[in-house]
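Based on the hints, put chain S with the ligand in the right spot on chain Y.
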Amino acid sequence: MPLNLLQKLEILADAAKYDASCASSGGAKRNARSGGLGSTTGCGICHAYTPDGRCVSLLKILLTNFCIYDCVYCVSRRSSNVARARFTVAEVGRLTLDLYRRNCIEGLFLSSGIARSEDDTMADLVAVARSLREEHGFRGYIHLKTIPGANEALIAEAGRYADRLSMNVEMPDEAVLKRLAPEKDAGAILKGMAVTRTGIDAAKEARKPAPGKIRRARPPRFAPAGQSTQMIVGADGASDITILDKSVSLYASYGLKRVYYSAFSPTGHPSAVLPDHATPLMREHRLYQADWLLRYYGFTLPDLQSALPTGMLDLATDPKLAWALVHRGVFPLDVNRAERALLLRVPGFGTKAVDRIIAARRSTCLRLDDVGRLTGALRRARPFIVTADYQPGSSLDDARLRERLTPPPKQLSLF
Amino acid sequence: MYAIPVEKDVEEAPFRALLKHCSGAGFRPDQLMFVEADKHSFLPPPPPPFGEGEPPSFTMPRAYAELLHYAICHSSAARFDLLYLLLWRIRQGESMVASNHSDPVVAELANYAKNVRRDIHKMHAFLRFRAEEIDGRMVYTAWFEPQHHILRAVAPFFLDRFTNMDWVIGTPEGTIAWQDKTLTFAPPGPKPHASKDTVLDDLWLTYYRTTFNPRGSA
Ligand code: SF4
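Protein sequences appear in the order of chains Y and S. First residue of the first sequence? That's 673 in this note's numbering, and the numbers climb one at a time after it. First residue of the second sequence? That's 0 in this note's numbering, and the numbers climb one at a time after it.
Here chain Y stands alone, though its shape is the one from the complex (with noise of 0.2 Å):
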């Protein structure tokens, strides 16, 4: 009995939700004022979130889960026992479309298995983007995953009409990638990301108006909300210092918007080579802090290294904290004085109350009820700041500080 499309969806968007991204953002704003459908704000929405508090920004779906690969890790591998379904062209268009105007969806974010080669998989993904944009004249956001080893025109093409790429690099070791997932190409997934880098940089390049030239018709985009790529956290033995020195590689060597942390989960046939339990959500949720502190608060890797004697992220204490307890003779600061890249560091400080601060003393000598105003984590801080009215005394060197300030284990919010 064939499937119908409300069946096809449970399937495909079932083996769909093992990719963590469901971002939205980033990359140019459009609307629809001169025709079409859509539009991008340039900052994602989720216009829903699941019972565990994960965002549902976009409709994620696998055009198919045939698959002739057999990662151990991945429900669709082909030794997999699941129902498997496949997705006409036309019937993804037709769900995005339909989602989108009823104000459900960003977008598309649109994977697949490989069904017969690596070509044909991409250009079945490049058909559903072109479709989208050419005849239905689509202007909401589109996620295309790229598949590693396919043919660079087809990548070339995909960014034409996507939004963002993405392939996943799926284990910060290739030794463990080659032994999880031996059809898979460590070398094909590096090349695939320097081709879809290559491709943004030029179209970046080539926007930019040439000095003294009349402007001529801008060139064509090519995903203008960049690339990102996804690793598993806890299918190998990988530490956390070795999963952030290769995410800081990726960053650096890619060009990456985001690098997306997926605990790892058996996908419930009992394999020789996998753990047999999850990896928990907190660890992700470190690693999570961990990059961010690396791309926004100005940390080195040998700067959270310190703070980390077994290479592992401390599931109790956040990484900013841990590294203010290894690092007490830094503090206490004075909040009205501390350059900008030293108050990055104060525990419950975030970039926005750092910049509300330096902003209030230019009028104000700030005072521990100001800081107050400033911070929603004051309780956090306080032990590290220095005020016109407050000294923290002794509390610094109390043993108990950590303590006092892990909060108890509670139900998790992801960003």
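Watch out, some of these pointers could steer you wrong.
What the hints assert, rightly or not - With a straight-line cut-off of 27 Å between C-alpha atoms, the simulated DSS-like cross-links for lysine-lysine are: (1) S:180 <-> Y:701; (2) Y:701 <-> S:113; (3) Y:701 <-> Y:850; (4) Y:850 <-> Y:929; (5) S:180 <-> Y:1024; (6) S:195 <-> Y:701; (7) Y:1024 <-> S:121; (8) S:121 <-> Y:929.
What the hints assert, rightly or not - So the derived list for chain Y, only partly shown, Cβ under 7 Å to chain S, looks like this: (9) 678; (10) 682; (11) 685; (12) 689; (13) 691; (14) 703; (15) 719; (16) 766; (17) 769; (18) 770; (19) 775; (20) 998; (21) 999; (22) 1000; (23) 1035; (24) 1036.
Hints are computed from structural coordinates only; laboratory data are not their basis. Just so we're clear, the structure is a prediction, and the values are computed from it rather than from any experiment. Virtual Cβ for every residue (Gly too), placed ideally from N, Cα, C.
Just chain S with the ligand now, kept in the frame of chain Y:
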């Protein structure tokens, strides 16, 4: 002491002009009370020629204008008084005060602005259209109950995105409709009963149910 009536969903430009009139007339904040136009006040309005002619021209600092932009949409009855108080202090020489978020008045207004932005964002995100055929054409209708006076503030988002559809958004405070490429604001209508829409009722729910985090189930 005078009462100054203001429409609760007042637009930005006329409200700025009103503030300038008050400032030009030299009123101290404690001489005025802004009241929402549908609420009764025993205080008289300022005597003529208050509000006549062009208001005095001066520029409001950018940080102040940014606070005002969102804070006037807040549902708190105190928003207009606080905005005037802050403007008055700026005019008295505290020219940087609007960028000082440690100031209690600025902190309160910034908090209003944050809540309003959040409300706008929620309406952009969680409003759902139901497709209905009315007189042979597809009309997308939605009902939403925002917490603040944001009907005008949300319109551009829906206009940018759904330009080629006909849609009507109802709220307890008013209605926006985009039909035949014309945007109209109208008084509130009754809350419609939700019509059947198979995309929302079947497709979307199936997707939402399926896309849950795998870790719970596996
Ligand atoms: S290529 Fe590997 S990870 Fe991708 S769908 Fe096939 S089995 Fe899964």
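Here is how each hint holds up against the structure:
1. S:180 <-> Y:701: Roughly 21 Å between the alpha carbons, so the hint for residue 180 of chain S and residue 701 of chain Y holds.
2. Y:701 <-> S:113: With a Cα-Cα distance of about 23 Å, the restraint between residue 701 of chain Y and residue 113 of chain S holds, given a limit of 27 Å.
3. Y:701 <-> Y:850: Violated. Residue 701 of chain Y to residue 850 of chain Y sits at ~40 Å, over the 27 Å cutoff.
4. Y:850 <-> Y:929: holds (26 Å)
5. S:180 <-> Y:1024: violated (40 Å)
6. S:195 <-> Y:701: The given pair, whose Cα atoms are some 33 Å apart, is violated under the 27 Å limit.
7. Y:1024 <-> S:121: holds (21 Å)
8. S:121 <-> Y:929: holds (25 Å)
9. 678: For residue 678 of chain Y, the interface hint holds, since the closest Cβ of chain S sits about 5 Å away, which is under 7 Å.
10. 682: Holds. Min distance 5 Å.
11. 685: Holds. Min distance 4 Å.
12. 689: holds (5 Å)
13. 691: violated (10 Å)
14. 703: Status holds, d = 4 Å.
15. 719: holds (5 Å)
16. 766: violated (10 Å)
17. 769: Given a least distance of 10 Å, the restraint on residue 769 of chain Y is violated.
18. 770: holds (5 Å)
19. 775: Hint on residue 775 of chain Y: holds, closest Cβ of chain S at ~5 Å, below 7 Å.
20. 998: Violated, because the Cβ-Cβ distance from residue 998 of chain Y to chain S comes to roughly 30 Å (cut-off 7 Å).
21. 999: Residue 999 of chain Y check fails; min Cβ-Cβ to chain S is 27 Å, beyond 7 Å.
22. 1000: Violated, because the Cβ-Cβ distance from residue 1000 of chain Y to chain S comes to roughly 26 Å (cut-off 7 Å).
23. 1035: Given a least distance of 4 Å, the restraint on residue 1035 of chain Y holds.
24. 1036: This interface hint holds because 6 Å falls under the 7 Å limit.
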